[in-house]
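Fit chains B, C, D and E with the ligands to the known structure of chain A by using the hints.
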Amino acid sequence: MSSQHAFASETQRETTGKGRQLVAMKELDKVYGNGTVALSDVNMTINEGEFICFLGPSGCGKSTIFKLIAGLEERTRGDIEILGMSPKEARKQSDIAFVFQDHTLLPWCSVIDNVMLPLKLRGVPKQERLQEAERVLALVGLSDHRKSLPRHLSGGMKMRVSIARALASRPKLLLMDEPFGALDEITRQSLQDELLKIWQQDPSMTVLFVTHNTFEAVYLSTQIVAMTARPGRVSAVLNVDEPFPRDDSFRTSAAFSQWVRTVSEHMQH
Amino acid sequence: MSSQHAFASETQRETTGKGRQLVAMKELDKVYGNGTVALSDVNMTINEGEFICFLGPSGCGKSTIFKLIAGLEERTRGDIEILGMSPKEARKQSDIAFVFQDHTLLPWCSVIDNVMLPLKLRGVPKQERLQEAERVLALVGLSDHRKSLPRHLSGGMKMRVSIARALASRPKLLLMDEPFGALDEITRQSLQDELLKIWQQDPSMTVLFVTHNTFEAVYLSTQIVAMTARPGRVSAVLNVDEPFPRDDSFRTSAAFSQWVRTVSEHMQH
Amino acid sequence: GCGSSNGNNGNGSSEGNNTKEASTASTTESTNTGTEPAAEAKDPLDVKIVLNWFAKHEHGGLYAADMKGFYKDANLNVTIEPGGPSVSSIQLVASGKADFGIAHADQILQAKQEGIPLVAIATTFQISPQAIMFHKGQPIKSFEDLNGRSVFIQQGQAYWEYLKHTYNLTEAKELAYTGQHANFIKEEASASQSFVSGEPYALEAQGVEVETMLVADSGYKPYAAVIYTTEKFLKDHPQEAKDFVAATVKGWNYYKDNVDEVHAKLLEVNPNMKKEELEFGEVTQRDFVFGNDAAEHGVGYMTEERWSTLMKQLVEIGLLKEEIDVNTVFTTDYLPQS
Amino acid sequence: MKNNVQPSAAGHAYASSKSTTDSGKPVIAQRNSAFKGWGVKILPPLIAFVVFIGGWELIVKLLGTPAYIFPKPSDIVRAAAENFNNLMVSVWTTIVEAVLGFLLSIVLGIGGAILLASNRYIEKAIYPYAVILQTIPIVAIAPIIVIWFGAGTNAIVIISFLIGFFPMLSNTLIGLHSTDTNMLNLFTLYNASPLQTMWRLRIPAALPYIVAGLKISCTLAVVGAIVGEYVAGIGGGKGGLGYAITIAASQLQTAFLFAAGLSASVLGIGLFLIVNYLSSLLLSSWHESEMKK
Amino acid sequence: MKNNVQPSAAGHAYASSKSTTDSGKPVIAQRNSAFKGWGVKILPPLIAFVVFIGGWELIVKLLGTPAYIFPKPSDIVRAAAENFNNLMVSVWTTIVEAVLGFLLSIVLGIGGAILLASNRYIEKAIYPYAVILQTIPIVAIAPIIVIWFGAGTNAIVIISFLIGFFPMLSNTLIGLHSTDTNMLNLFTLYNASPLQTMWRLRIPAALPYIVAGLKISCTLAVVGAIVGEYVAGIGGGKGGLGYAITIAASQLQTAFLFAAGLSASVLGIGLFLIVNYLSSLLLSSWHESEMKK
Ligand SMILES: Nc1ncnc2c1ncn2[C@@H]1O[C@H](COP(=O)(O)OP(=O)(O)OP(=O)(O)O)[C@@H](O)[C@H]1O
Ligand SMILES: Nc1ncnc2c1ncn2[C@@H]1O[C@H](COP(=O)(O)OP(=O)(O)OP(=O)(O)O)[C@@H](O)[C@H]1O
Ligand SMILES: [Mg+2]
Ligand SMILES: [Mg+2]
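Chains as they are written, first to last, in my numbering: chain A, 1 to 269; chain B, 1001 to 1269; chain C, 2001 to 2338; chain D, 3001 to 3293; chain E, 4001 to 4293.
Be aware that a few hints might be false.
Claimed, not checked - Computed cross-link-like contacts, DSS-like style, restricted to lysine-lysine with a CA-CA straight-line distance of at most 25 Å:
#, chain 1, residue 1, chain 2, residue 2
1, E, K4238, C, K2164
2, C, K2048, D, K3238
3, D, K3041, E, K4124
4, C, K2232, E, K4061
5, C, K2164, C, K2321
6, D, K3072, C, K2274
Source of the hints: derived by calculation from the structure; they are not laboratory data. All values derive from a computational prediction rather than experimental measurement.
The following block holds chain A by itself, in its conformation from the complex (with noise of 0.2 Å):
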């Protein structure tokens, strides 16, 4: 979309041949207004253009690291960097899109300018709206229902819309939180596919994503972080190193079974 924004700006790449460094978490904790831990000693970096899955036991802190990097909640200790700045400061000058756990639709409008909300505040002409409004929700599979309000629609669909507005930004950090989780398996599938698609064709795209589901956690990404609850910790951090594209010759490969397994364990313990 923009050209300008701060995560997009030349490719200068890390020594290791990876993406720069865009998020950095040193030893960082929150906790909420009412005394709730939610994270302690909180340290990870995250490489811009990397897909990351967040995996962790109900009420780890997966969310509250998702708000953490949206600039959303403020931290109690340590420190957060994106790019060097303030996650505010960051968010101010880039795309980040979110797919919040609720699916957050305005109540008062209907499907299609829901999806193109983020684009209206950015001032996209209205041509250019509708018709990018159209593509995604075309991949949402959900074009027929264009004009329905949010009340009309079921818990799937709601979350479908939710995510098709965060795709219609074109973000270049993607935060999804539990995306396909009320979705059913095809749906799914095809969904992780079209999202693989989309984030393979800009390198520089860094998608961050929580998910229960370790199949999906394996199939979509770089790397995989698990999360211990009580307080949340970053328990391991997995780097998933196979090949892009995946597809479904990847979902029954030996590997594929031998990576759930893997990952399976570390969330056992």
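Same frame as chain A, now just chains B, C, D and E with the ligands:
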């Protein structure tokens, strides 16, 4: 709980030896106010004591069927009867619980108050109510959060409170609309086992369960109902005639894999 | 104490000067121009008079003058603006939004005390029609008999303070007067404020018989429905003020002889009024307007003695903190010589 | 233990089997409820109206209360009919004043709330003065209003506005502050400008509160127009209902006074119904309270 | 095409590596914002107050507007100080009346709304009469109020109630009607009685609207008490602010009139602040609009 509700009365079994017929749907259509045809010509009977999983693409009408059974929506055409009564009448005489797709927690009540709500509405004495609530909260692993408000919980935790609330009323008919969708694999499996245990303890308890997870469906159910979308129809009813109790050994058995494959195939077309 | 009286002194002295100038100016001019229809060629002056109520018989002279073109003849373009139950004409005139107003003499004195430079230039009523009414047959012979009764009275009226003070009405229960009479009617023993030319008619029309005691009989005799203006207006437009008063007086005299014609006009501006009530009022008020000193000196006439008495009475009951030179408050210089 | 439950009758074939029940039943039920809907809309108010008016007439008649203290409905109707033209002139005058005052309340109430909501420093600083504006007795400031805006319609409209303004402001402000945090997060994330957030999120989200404010404000505007005539006079214009009430009171025409008072009520109800209708249009797309009707 | 992205540096070991940045920074930020919080609370109203009063004093002085038309703050303070005892008696009288009227509004407003909301036939039938109650001019019915309830405090409280009642009723009713459908379904499912649904669901859910109603109603109760003193008050020593205002107006003591008028405002603001505080306690557990403060 109470001993007079309709579902529990006399173990009047049908000739086939199963539980008596609980729900009967005939040529059931549901068209929403805005013209959306959610269900079309649904014919199905559900017997008492079953554990039935509903599988189907997003928007095919699973939640709609549940709402019709619970008497929360009116049918447009056809017939739906529960124990020979209309759903609304049946609801008045029975112990139903519904885990909605959204958590539907009262935002101004603490976790434990939310869980105790159905008991309070029934006039269960305070002591008993608290005891029961503690039991189910322990079941879903949220004993430590009894005093929290819903907005201080993570998505998965809210859903677990909602599940606890449904279980607290020890229902005879339990409708669960994607209850485990937001949970990690481990929590999910342990809750599956707890749920099966509860179900098995009461032969007249019927569970209707929506899931997108084929493994889950096979693991849990006595019957799987496969649905297709546009308009919502029942495309197949599979009897998963595997013995109970089921446990991890079933999950790794060949029969299990076979069932999963069968169900997946059914879902493809 | 001292703060506000300082302020008053300051205001008072400066305004005293103004008045002197104004009155000298006007007297000189009045000698120059003998009769009212002044030399024209000038554009008519726009002036506005604010009434103390919706148009009724107590404003008959004004409307007659307007209707018959007496103002126009005097090269004045007069707007008559009705008031309302809580409209303060004094503030409107003081602010210059209106040029003339109608108020009672005691209000003018109180305004003076507050430093408002008003000057009364003519009175409508020689004797105020203000009265206390009560149900017929009640043993009320004098104002003292109001003790122990409910009295519906508009709050803050000077005459009531005078009655209370003079007749020691500590046992009278003051209730808000809202222009309604239902509560008065309901309570046989109660009394209510009234204009003899107004309320009794409406009550008798409904079959409620009442008797009245004129407040003036207590010795408290303010001029009522006084026409006043500001010192500034008198200074800037002495001739116009004179012309206005003259035309108004002429209007009153016309009204006396052409009651129906004027009432038609009043009903036009105050359509909800009843013709019969206007007629009753007109008959009743005649004596108050044309009698007494007016019989000899013409409509609008006022005397220093009456003003002085009133001022002293107000000082006595504490509504005025100190004596005021009544000559700064009223003048008859603008009345037509008769 | 339920380890042997083996359902079998309901097999694959089941899904396509059809039975032949009378499918007309639900349709009848619907027709019934449509009739009920009409009944709900018209019948109860009608019954209430008859009971109310009838009861009033009867009780007053039985008690023998004279008309000049508490008139019967029939007296009121007669009085209204006799002075119909005058009454209509008054009603019309008051309508114009009340509607103008109401419109001012809407514009300045919502506008003010938006201003206050857009900056909490401004809000903390200015909000108390809105409360002052509401609570300062109108009689106290009426002369100043007349001096500043001119007597008659102008002053009356301003007074009508002053009375209807605060409910509009207060409700809108509360509405603007109750935007869902998640949605605010969404807008923050997309770097929406404060203006965009206000316009596309906070105002639509506040609509139910704004509508609640409108419903209160429209009736208060009528009250304000009548009070306005009391304290600011009618100026050069025609008298409205405040005038009619004053004159009727002074003439002890209690029946006509009630006719004028009830006309004010009818006017209020009329405005209220219009607001109600518009609000259901506005909110129909999303708000629970309007959905159920 | 991104088929060869092979991250490796961030391995398993990474998760436990620690760096040593100054962790005090965010704490300082917090302390800062606490200071800011104080500033937000006190400073802007203070500045606004100074600007408002100062500006008023200055402008009126510069324009030379005489005190009898538009008094300066200093005139008002002086007038208030001179009659301080009288003023306090008036304020106290009005406080009692307004608070009683307000309490009546709350009880009957909320109670009435609950009644109306519990049955839509009743609602359709009775609601119009609530609008009548609000819009019928007080002057028109003041005599009847006096006849029924007695002049003085009783009538004044009733009038204060009449004016504050409708906002309470209307807002509460709208609130009771905006309960989330899913939650209503939940209660239906558990066969909750209408009473239970009302008490445990609809009323708590309506709280934000009820509080919005309270905020409007408390200021209107003050207005109502003053209007009540006008039309149904008892004069003499124990008169309230309405009485004080009438006297001041008829004696043309504009500065004292303003003192009394502003006392009414301060009273209104006081009630408003109390309601505000209580509402934040009530809502703190769940409502967005109170959460952000
Ligand atoms: N707004 C909040 N206020 C207080 N505590 C919160 C808040 N949001 C989350 N928490 C707490 O922080 C912890 C982490 O929550 P978070 O939402 O990040 O979990 P999660 O990993 O996303 O879980 P899930 O998979 O269930 O969504 C939880 O214990 C939760 O109770
Ligand atoms: N209240 C409603 N008004 C109008 N249409 C509705 C409403 N609720 C659901 N629908 C429509 O009915 C159809 C079925 O919805 P339903 O919620 O039953 O689907 P579902 O099978 O539960 O889907 P999901 O798995 O996504 O939850 C969908 O097309 C949806 O758009
Ligand atoms: Mg989460
Ligand atoms: Mg669903």
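Hinted pair K2048 (chain C) and K3238 (chain D), Cα distance within 25 Å: Roughly 17 Å between the alpha carbons, so the hint for K2048 (chain C) and K3238 (chain D) holds.
Pair hint K3072 (chain D) and K2274 (chain C), alpha-carbon separation not exceeding 25 Å: holds (22 Å)
Pair hint K2232 (chain C) and K4061 (chain E), alpha-carbon separation not exceeding 25 Å: Holds: K2232 (chain C) and K4061 (chain E) sit about 20 Å apart, inside 25 Å.
K2164 (chain C) paired with K2321 (chain C) [C-alpha distance capped at 25 Å]: holds (18 Å)
Restraint check for K3041 (chain D) with K4124 (chain E), where alpha carbons must lie at most 25 Å apart: At roughly 7 Å apart (the allowed maximum being 25 Å), K4124 (chain E) and K3041 (chain D) satisfy the hint.
Hinted pair K4238 (chain E) and K2164 (chain C), Cα distance within 25 Å: The hint holds at about 16 Å.
The structure fails none of the hints (numbered hints given earlier).
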